[in-house]
Every structure is written in structure tokens, then in C-alpha cells.
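Chemist: One letter stands for each residue in the lines below.
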Amino acid sequence: MTRAGAIIVGMAVLLAVVGPFITPFDPSTQQLALRLEGPTPTHWLGLDELGRDVLSRVLTGARISLVVGLVVVCVSATIGIMLGAIAGYFGGRVDEIVSRMIDILLAFPGLLLAIAFVAVLGPSLVNVVLALSIIGWVGYARLVRGQVLRVRELEYVLAARAAGATTGRILLRHLVPAVLPAVSVQATLGMGGAILSEASLSFLGLGVQPPTPSWGRCSATAARICSTRPT
Amino acid sequence: MLRYLARRVVLTIPVLVGVATLVFALIHMIPGDPAQSMLGESAVPADVDALRRKLGLDRPLAVQYGSFLAGLVKGDLGTSLRTGAPVTSQIAERVPATFELAVAAMVVAMVVSIPLGVIAAVWRGTAVDHAAMAFALAGISIPNFWLGPLLALIFGVELGWLPVSGRGGLDHLVLPAISLGGALAAILARMTRATLLEELRELYVRAARARGVSRVRAVLAHALRNSLIPIVTIAGLQFGAVLTGAVITETIFSWPGIGRLLIQSIGFRDYPMVQGCILLIAVTYVGVNLVTDVLYGVLDPRIRFE
Numbered sequence: 001m002t003r004a005g006a007i008i009v010g011m012a013v014l015l016a017v018v019g020p021f022i023t024p025f026d027p028s029t030q031q032l033a034l035r036l037e038g039p040t041p042t043h044w045l046g047l048d049e050l051g052r053d054v055l056s057r058v059l060t061g062a063r064i065s066l067v068v069g070l071v072v073v074c075v076s077a078t079i080g081i082m083l084g085a086i087a088g089y090f091g092g093r094v095d096e097i098v099s100r101m102i103d104i105l106l107a108f109p110g111l112l113l114a115i116a117f118v119a120v121l122g123p124s125l126v127n128v129v130l131a132l133s134i135i136g137w138v139g140y141a142r143l144v145r146g147q148v149l150r151v152r153e154l155e156y157v158l159a160a161r162a163a164g165a166t167t168g169r170i171l172l173r174h175l176v177p178a179v180l181p182a183v184s185v186q187a188t189l190g191m192g193g194a195i196l197s198e199a200s201l202s203f204l205g206l207g208v209q210p211p212t213p214s215w216g217r218c219s220a221t222a223a224r225i226c227s228t229r230p231t
Numbered sequence: 001m002l003r004y005l006a007r008r009v010v011l012t013i014p015v016l017v018g019v020a021t022l023v024f025a026l027i028h029m030i031p032g033d034p035a036q037s038m039l040g041e042s043a044v045p046a047d048v049d050a051l052r053r054k055l056g057l058d059r060p061l062a063v064q065y066g067s068f069l070a071g072l073v074k075g076d077l078g079t080s081l082r083t084g085a086p087v088t089s090q091i092a093e094r095v096p097a098t099f100e101l102a103v104a105a106m107v108v109a110m111v112v113s114i115p116l117g118v119i120a121a122v123w124r125g126t127a128v129d130h131a132a133m134a135f136a137l138a139g140i141s142i143p144n145f146w147l148g149p150l151l152a153l154i155f156g157v158e159l160g161w162l163p164v165s166g167r168g169g170l171d172h173l174v175l176p177a178i179s180l181g182g183a184l185a186a187i188l189a190r191m192t193r194a195t196l197l198e199e200l201r202e203l204y205v206r207a208a209r210a211r212g213v214s215r216v217r218a219v220l221a222h223a224l225r226n227s228l229i230p231i232v233t234i235a236g237l238q239f240g241a242v243l244t245g246a247v248i249t250e251t252i253f254s255w256p257g258i259g260r261l262l263i264q265s266i267g268f269r270d271y272p273m274v275q276g277c278i279l280l281i282a283v284t285y286v287g288v289n290l291v292t293d294v295l296y297g298v299l300d301p302r303i304r305f306e
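So the sequence lines, in the order shown, correspond to chains A and B. The numbers in the working numbering rise by one with no breaks, and the one at position 142 of the first sequence is 142. The numbers in the working numbering rise by one with no breaks, and the one at position 235 of the second sequence is 235.
The reader is advised that the hints may include incorrect statements.
[Claimed, not checked] Some chain B residues near chain A, calculated using beta-carbon distances under 7 Å:
| # | residue |
| --- | --- |
| 1 | V19 |
| 2 | M29 |
| 3 | I30 |
| 4 | L55 |
| 5 | L57 |
| 6 | P143 |
| 7 | W146 |
| 8 | P149 |
| 9 | G240 |
| 10 | T244 |
| 11 | I263 |
| 12 | V274 |
| 13 | I281 |
| 14 | Y285 |
These are calculated hints, taken from the structure and not from any lab test. Just so it is clear, CB atoms sit at the ideal spot from N, CA and C, and this is done for glycine as well.
Using the sequences and the hints given, assemble the complete structure.
Modeler: And the structure:
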């Protein structure tokens, strides 16, 4: 099962990296005379409602989806690690403020909050990344806070403090590395979630804007026309 | 029990205030002038000023916040910029449709997941188990924005068995409910399998079998009953996913619920309506989580004393 998963992820990454170089056609080039044509030897997955090659758009869209996933995970993990570590290490009022922020953000279903942010900021790829990062850091912060609360009591942290290490050094060199294994597990799950959320937002017309191809946008177009032109 | 209930309710109040504050802040996050943004770049300054006054954006922030909270307490969410009607009444018209869809999706999820999880646990390690879990994995992996159109294509367009848009009789509900409940069914099937496997290892199940209780009865009446507690909890906690999924499902199947209203309002830049829809969904989510928490305390008394 693990090997199958690795193969699927590896293929998706490979397609995202080499996809734009091996696309048989430009993903934005329109062949209006051939619009909505089914799969043919030339166009393996057919053409969309504007006569653009679907395979080329899917391959190009893979890169966008993976980049969104990667950036969202990096941004939200960085914010989450910082705030979670500070809350867990200092405790008291700082912890109280961070924890209440987490509680409030967790009170919203994640995608709903992303929809809300994109609705006010305007639909675009950058705003999607921003919105998903704003909701994404919460999970990391909660995880890191819990881990830091445990690790900060360990003797090596006490030893570092006794040796004169500054708070910043203790956080960065001793506490954060200790929580990274747990964060990396969360990050792998988070990346899948971010890709799916981006696709959902693009499906609703709130994500990547035309003519840039994305998996969600391609699905939305196909869903709109599938009842009239199923093939 | 009353103390436990009171504590849970009190803990919810700051979260609700935070939710209201965040929803209030949304309109102020609009880049530039919110009134200008709502009316578009070509709007004349007089109209922009009038809208600013209508929304109260010309008043100090603290005053705006105070009147927003006071309005919430009275059930006043402002008026829709598109229709001019009160937001509350328009949302109230859509609530039954979303409620109907959410309940139907939960029913689909429960009806599919529990038998699937039981079958997988009882025949653990066999082809039946692998097939059931492969089915569950597919359910988790397939996003509802793909499953919905696929179901519409097969059962609506190709076979012509079911309608693919709008709200009406039970037949209108089938495809949206399956599309929305599919992922939840997959999660609950895995959960049922895992918890039931744990329960089946317990001594009380072996004792029941030793007393002559049939295998079916030992599984269904003894082990499954105990494993239902975490399943019900997860089902409750997943309600948020159902509400968010409803936004997508309602858009796919033109279901006249809150989710569709939200997306339409975003398209029309009707921000008071957007605020109202988001607030309602978030408050419902908090409410369902509270009920789940309390139910957990009722089902498992140990939780109340922690």
C-alpha cells in the first residue's frame, strides 16, 4: 500500500515537473473548430469547450496544484511552528491568546473560512494561497504547542538554559528540531488537503482564474458541460 | 450532568463571540473602500457614499462592531445589497433545503458505512475486507466536485433515472445526498472497522460467545453497540465537512440551499449576505460540536468526570 502511494505521488510530482515541457499542445491555444471533440489519437483526452487540448491543460494544471500545496504547507507550517512554539514555551498570557485564536479559527469549517477570505480579497491564485495558509497554520500550531509543552520539561532543555543559551536559541536549536518529525507527518497530510482545497475553490470559481489551467477549474468546466455534451 | 452541560455551554460563548468578530472583520478586509468594491469601479461617488452610510461604514469601528453584535442578538443581519430584503429572511428560506440535504447525506453515510465497516471487521484480512477498505479509500480520495458530476452524468444523463438539478421530491435528493455523504461514509466505514476490531478482542465478547450467544448477536448486540460511541462522535464532528461540502454539492446540483446562496452572493458582491451565510454555517458547526460533546458525555459517563 505504501509503495502504491509512493508511486502515485511520485508520478504526480514527475508530471508536475516535466509536464509543461512534454505537453503536446499549448494549454491556452484554442481550436474553436474542434471544440468539445472527444478523445482522438492527436488529442488523447479530447478538447474542452474552447477547443483547448485537455491533456495539455491537465499536465500544466498539475504543476499549479502541487506548487499551491507546497507553498501553503511551507507558509502555514512556518507560522504554525513559530506561534505554537512560542505559546508552548512561554505559556501564560501568550499561550492564552494563541490558544483562543486557534479555538476561534477551528470553530469554522476550514474550506468555509477559505471561501470567506477569497470572497473578500478577490479570486486569484495568490489569494487562494493566502487564504489556505491563514486557515492552515492552526493545525500545526496546536500540534507544536502540545509537543513543546512536553519537550520543554526535558532535562536537555534545562541543561541548555543552565549553560546560558538564550530563549531564541533554545527554541530554534533545541525545541523546534524535536517537534519536526510530528510536523512532517502533518505536512504530508496537509499538502493533500491544500491541493484538494485549491481544486474545490477553483471549482467554485474562487481560485485560479482563466485562462490559467488548474485541476479544479478543468473539473468545473467539464461539470458544466457534461450534461449537454457527455462525451 | 447539569454542571458538565453548563461548563460546555460557557466554554462555547467566547468561541461564538470570536466567530462573530471574525465575520464582522471580513467586510473590513476588503482591499480599498468596501463600498466602492461592492458597487464596482464605475459607480458614481454619490452612490458609494450612500452605500457607505447604509452599511454604517462611515461610523467609528467600535460603534459599527457594537451595532453588529446588537443586531446579531436581535437576529438582524442587515439587508441584502442585491434584493434589498432582510438577510435573515432570505437565509431562513434556504435553511430547510440545506438541512434536508445534510440530514440525507448523514443518513446515506450511516447506512453505507456501518454495514461496510462491520463486514470488513468480521471478515478481517479476507478479500471482502480488502474490497470494503478499497471502496472506503476510493470514497475518501474522490472529491465531491468530481463525484457529483459523475453521478449526474451516469444516473441523470446516460440512464435518465434521476433528476440532476433543483429541489423537489425524494428523487431530487438521491444524487446530491450520495455525492455529499460519500466521503463521510468512507471515513465512518474505516472508523467502524477499527473500533469494532478493538471491541471484538475484548473479553466480554469472548464471554458472550462462551455463554452460547451466536456470533451474529455477539457482534451486533454486544461489540457494535460499544463501538458506536466513537462512531457517533466522529459523525458529529464531521458535520462541518458536510456543511462545507454542501456549498459545492448545492452548486453542482443547483440545490437551493445556504451554500448556493453563499456562492451566488459572492458573485454579486453581496457582502452582508455573505457575512450572514458564513455566520450561520459557523454557528451551526459550533452548535453541532457542542451537542456532540454533550452527547459523548451522556453516552460515556467517564468523560463527564475528567
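Chemist: State for each hint whether it applies.
Modeler: Cross-check of the supplied hints:
1. V19: holds, 5 Å
2. M29: For M29 of chain B, the interface hint holds, since the closest Cβ of chain A sits about 5 Å away, which is under 7 Å.
3. I30: holds, 5 Å
4. L55: L55 of chain B check fails; min Cβ-Cβ to chain A is 14 Å, beyond 7 Å.
5. L57: With a minimum Cβ separation of about 14 Å from chain A (threshold 7 Å), the hint on L57 of chain B is violated.
6. P143: Since the shortest Cβ distance to chain A is 6 Å, the answer is holds.
7. W146: Hint holds; W146 of chain B Cβ to chain A Cβ min 6 Å, cut 7 Å.
8. P149: Holds: closest Cβ of chain A sits about 4 Å from P149 of chain B, inside 7 Å.
9. G240: Nearest chain A Cβ about 4 Å off; hint holds.
10. T244: Interface hint status for T244 of chain B: holds (4 Å vs cutoff 7 Å).
11. I263: Constraint on I263 of chain B satisfied, holds at 6 Å.
12. V274: Interface hint status for V274 of chain B: holds (5 Å vs cutoff 7 Å).
13. I281: This hint holds: I281 of chain B lies near chain A, its Cβ roughly 6 Å from the closest one there, short of 7 Å.
14. Y285: holds, 6 Å
Of the numbered hints stated above, those contradicted by the structure are hints 4, 5, listed in ascending order.
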